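A.B. asks: Following the hints, put chain B in place on chain A, whose structure we already have.
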Amino acid sequence: MAIAETPGHYSSTVTSLPKSPTGIDGFDQVTAGGLPTGRPSLICGGAGCGKTLFAISFLVNGAVRFGEPGVFMSFEESSHELAQNVASLGFDLPGLIEQKKIVLDHVKIERSEIEETGDYDLEGLFIRLGFAIDSIGAKRVVLDTIESLFAGLANQSILRAELRRLFRWLKDKGVTAIITGERGEGTLTRQGLEEYVSDAVILLDHRVTEQISTRRLRIVKYRGSAHGTNEYPFLIDEDGIAVLPVTSMGLTHAASSERISSGIPRLDTMLDGHGYFRGSTVLVSGTAGAGKSSVAAHFLDAACRRGERCLAFVFEESPAQVVRNMRSIGIDLQPWVDRGLLEFHAARPSLHGLEMHLSRMHRAIDRFQPSVVVIDPVSSLLTVAEETDVQATLTRLVDYLKLKGVTALLTSLTHGRSEGEQTDVAISSIVDTWLLLVTLESSGERNRGLYVLKSRGMGHSNQIREFLLTDHGVELVDVYAGPSGVLTGSARLTQEAQERAAVLVQEQELDRKERTLERLRAAFEEAELAALRAKFDAEQADLAIGIDENRSRATRLRTDRHDIAQSRGADAAGSGNGRKQRGKV
Amino acid sequence: MELTDVRASIASPDAEPSRDIQILRLYIAGQTPKSIKAFANLKRICEEHLTGKYRIEVIDLIQNPQLAAGDQILAVPTLVRRLPEPVRRIIGDLSHTERVLVGLDVRPAS
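As you go down the protein sequences, you meet chains A and B in turn. The opening position of the first sequence corresponds to residue 4 in the working numbering, with each subsequent residue numbered one higher. The opening position of the second sequence corresponds to residue 120 in the working numbering, with each subsequent residue numbered one higher.
Keep in mind the hints are simulated off the structure, nothing from the lab. None of the values given here were measured: they were computed from a predicted structure. Some hints here could point you the wrong way.
[As the list claims (entries may be wrong)] DSS-like mimics (lysine-lysine), calculated; alpha carbons at most 30 Å apart, straight line:
no. : chain 1 : residue 1 : chain 2 : residue 2
1   : A       : Lys111    : B       : Lys156
2   : A       : Lys22     : A       : Lys176
3   : A       : Lys407    : A       : Lys111
4   : B       : Lys162    : A       : Lys111
5   : A       : Lys174    : A       : Lys111
6   : A       : Lys457    : A       : Lys516
Pulled out of the complex, with its shape left as it was, chain A reads as follows (with noise of 0.2 Å):
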């Protein structure tokens, strides 16, 4: 019912062994279908141990879920005691009896009024035990210790021998039998009664570890049946008992290409532009204070915004807390909270065993259906469990959750000095996205950075960004990275004033150049004109002094000539001709 069915090694086996599902969570998948039919089965452990409970749960859900009515007989109990008792978890006793579907019958053995003088045999358990069943058709019987009688009757031999009969009688009347058994020093009964109940045999046990108690299951056999020989952890609380399997979980979950926003926009751009996978698992670490819950909270806001369901576990803060805090930084959860939309579980880690906390949410995120699940920390779980239970109860929770696709965030303290990529609980190679918040201490102050270390299936930026929590939620700021290294905080402020302050002096010290060129120029040009005119001056005055003096060699020329004419007896006239006229002086 909780747990998916998962193809696994135990559903191969043919068995011609038909099963009858007891109902209990996790039992009937860890026995691939519950105990052997119309055979007896031993159920022992010590005092506490949850044996009557286990065998009330196989009788009630056999009445109420599988159409098999049942009869419980008890040697300890009372009847009305037995229903009282198992009111707590729902179980309406008096009205299943009204309804004939289960008979209650009370055994008292009273040694102290029982004398023995002689042969007897136990046909009046027979009887009783028989009308029992006929009187509803019972296909279910449960005998709850049977080892009382031998507290009450002195003659072991008989005893044993009609015990040997008994069993071959509820074999022969086709009912499905639980026998309960007190554990015994190294033996799993007190009387041994694993010699005559013999097809399965189931031990029940209740650890307390460091003030943390912890109860397992374990198949001891089961004849003809593949069965898991590992301890099962189980726990029992308001509705009744749950088994978790172990191993059962295979990797067989699909994988979504759809992409969810973080509910940070820069972050998404960081994440390849979308945001995180649907269905992954995120892990946010870093030291305290680093921001984790606010990144948490921000996905939380967007999902709720999205209308999805979300849950949050958490184990430091008390809901209203959360809620105060986040509202410091801009986001409101209460709203959603108020819509039915946002449900958290808070607890200490030390309030449970670790079997306890995964069942806890087992049992939340089956009733809410979530989309998105919070964990914060996980790393929590640390304080009441070692790493490596811790490791395999957070690997069977991500599996889990990946099988119903729902989208987890998880949150991890890392503890100082060499912070960075180790985280204290190891999962992170169970998760799909990993963001690491580290700390920047530089000049007297520390500022905070966010680093995606890893994400499966997409490209990311490997750039950090300097993370910031402002009253409108977080902001991821690029950081100064230059020559003297990587800035941030109030450095990166200064660095980026320094440098604004320098960019304005040199874009000054441009116009003032450009102003002094233009100057030049202008100087130039002047220059120039004024040479050139000097020159054109003198030029002109040559010129004008070549025109002259060519002009008056020109006259004297023409004189001279007149005078050389003149004086060779030529015409006065001068008409220029110049024609030698023979014959004329």
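C.D. replies: Structure of chain B alone, referenced to chain A:
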């Protein structure tokens, strides 16, 4: 002596409901050698040691299985002394006369 069915009562001739009368119920499961033996033993013990102050009822659980639960019967045969109080149960075929008497809180007649 044949065992008839439910509540075949055998009372001694001059018995009366009074404090001394032992009301004895013998539960059996059909006519088996054990039951017959038990009944025979019971009769004998009663005649020898209770002379007159007894009333025996025989209840066959096969005929009346529902009485097994009501009277908390496990072993068969079981003899239950209802009155006088305290209620006493004696299981077995009653071959141990002494034990039976101890169980019934009766002093042996001899």
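A.B. asks: Let me make sure I understand: some of the numbered hints might not hold for this structure. Which ones are they, in numerical order?
C.D. replies: Violated: hints 3 and 6.
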